[in-house]
Amino acid sequence: MYTVYADNIVEGDWFRDLSPQLEDAEIRLIGSRGRNPACVDELVRYDRPDIILLRDGKPTLVIEKTREVPTGHNVGQRVARLVRAAEEHVPVIKFFPYDAKKHGDYAGICNMNIRLLRTFQRMTEIHGVPVVAVNWPCDEHGELIDDGSENDVMSALVDDYLHSGLDHDCDQFLACEESMASEYKSRLARRSSYGTLPPSVEIMDTDAFLAIANGCIDEAAVRELQVRPKTLVYTMDMSPDKCRREDPYTGMQFIYDYICCRSGESPGDKHTNLVLRFPRIPKAIWMVNNPNDPSRKSCNWYLTANGLLFSDGYLFQR
Amino acid sequence: MATSSNGERMTESEVYLRSKKLLRRLGWTLVGGQPPSGCDHLPVIEIKDPARTTKGSRGAYKPDLVAVLGSRLLLVECKPEHDDGDVTKLRAVIEDQGRRQALVDEMLQRGLLKRHSITTSAEELIAGIEGAVAHAGRVTNLANLCVIRIGSQPQDDQLIEPPDLECHLFEGLE
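Going down the list, the sequences are from chains A and B.
Position one of the first sequence corresponds to residue 1 (my numbering), numbered consecutively onward.
Position one of the second sequence corresponds to residue 1001 (my numbering), numbered consecutively onward.
Derived from the structure by calculation, the hints contain no laboratory data.
Idealized CB from N, CA, C, for every residue including glycine.
Among these hints, one or two may not hold up.
Here are the simulated lysine-lysine pairs, PhoX-like style, with alpha carbons at most 25 Å apart [said to hold, decoys possible]:
| # | chain 1 | residue 1 | chain 2 | residue 2 |
| --- | --- | --- | --- | --- |
| 1 | A | Lys-102 | B | Lys-1114 |
| 2 | B | Lys-1089 | A | Lys-101 |
| 3 | A | Lys-102 | B | Lys-1048 |
| 4 | B | Lys-1048 | B | Lys-1089 |
| 5 | A | Lys-101 | B | Lys-1048 |
Just a few of them, taken from the derived set where beta-carbon distance is under 8 Å, the chain B residues facing chain A [stated by the list, open to error]:
| # | residue |
| --- | --- |
| 6 | Thr-1011 |
| 7 | Ser-1013 |
| 8 | Glu-1014 |
| 9 | Ser-1037 |
| 10 | Gly-1038 |
| 11 | Pro-1043 |
Isolated chain A (complex conformation) (with noise of 0.2 Å):
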């Protein structure tokens, strides 16, 4: 018996059309966190899915999907919801063009920030479970193709993994990761900037970094940073009034947490530190317009960084 949690019923009525396996399924729309079963708050913790199925009351599948192009640092969007899926060790699917014409005044083709599907791949190394992106095909004008061709390869992935017992190694998922790797492989060497970090973002020796906050961290925090020879720091150069944010930034942090520092599953498992650091911003207004309170989306700037340097002051995490 499979239930699909949905964000929207657009949405719902979207993934239930992709497998006649799932045409007798039960559409109900994701409520906020504290009204839904227990699993899939679990699964909302951090940000809402597009989609949740539950088979027999259990979660067996997270969707995302988009008609964007996840360019730039916007890539950041929406992956908090997946790691915390891959966390509980639950199958992810992102659907979303890897290029697609942007409208507009400044029109044009828009290519793929390929360090998500390096994510990806880091997420599955670590947490386990299958974490996979999908094509969303356009056609030669970079139009987004809507006839229903566009979810031949999603179908066929979901169809698979029901129909194999939920198997997260069915022959669907592992031809999707190796497209994945063949698609980074191959979009890396034509822009190989990929292969570097932005100007956004230094590993440095962690001595240097200690440097750099000049005396804001107490010594405690400065014994645990230095348990690792390096670390990352991501800046964001946020003003104090426009502090109150969180994509795509909160989102980057697990790109480059994952990518670059992470060791094993919990947050606290990393072979390099990660800092978050925000030059203009004081620590107090940060805690004001930021609290690490579970109900509010504010709380993912909390989940995966060893701490956060401000301008007057350090926040030890972990």
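Given the coordinates of chain A, work out where chain B should sit on it, guided by the hints.
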């Protein structure tokens, strides 16, 4: 007022979904649209305000659904119940020759007619632009506008033509 299968008030998303399915059943080709929330497979069509010369989307109108049948081009606004604001919005667009032209220009520029093998000329489509309000509430007859009435069950859904057009009722109507 028709309700959802769970007995609750029908949402805008449900009205959107049922309207899409009804129009398809009636032979319309859906060429664009934007759901109230979430992601759908139809391209978003933006009708710019021709009076606006600067860049950006301010003043632009994005219909919930855009459908074509022969020389008719239907713009649909969806709400749980009848909404006078939607009526005003639709009339403002269909009575503005500049916006009618802008809509068809946008569809041509995006290749939406070719993609759906629609051979109707641009001039015919501009002349054939109509509006429809879709909802699950009590039907109000509206001059110049169609009503998509969402019933308790999908088979009860109807496209009701405006009273000042030739009476041409579709399946499900007495």
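Results for each hint:
no. : hint                    : result
1   : A/Lys-102 x B/Lys-1114  : holds, 19 Å
2   : B/Lys-1089 x A/Lys-101  : violated, 28 Å
3   : A/Lys-102 x B/Lys-1048  : holds, 16 Å
4   : B/Lys-1048 x B/Lys-1089 : holds, 14 Å
5   : A/Lys-101 x B/Lys-1048  : holds, 18 Å
6   : Thr-1011                : holds, 7 Å
7   : Ser-1013                : holds, 5 Å
8   : Glu-1014                : holds, 6 Å
9   : Ser-1037                : holds, 5 Å
10  : Gly-1038                : holds, 3 Å
11  : Pro-1043                : holds, 7 Å
In summary, the one numbered hint that this structure violates is 2.
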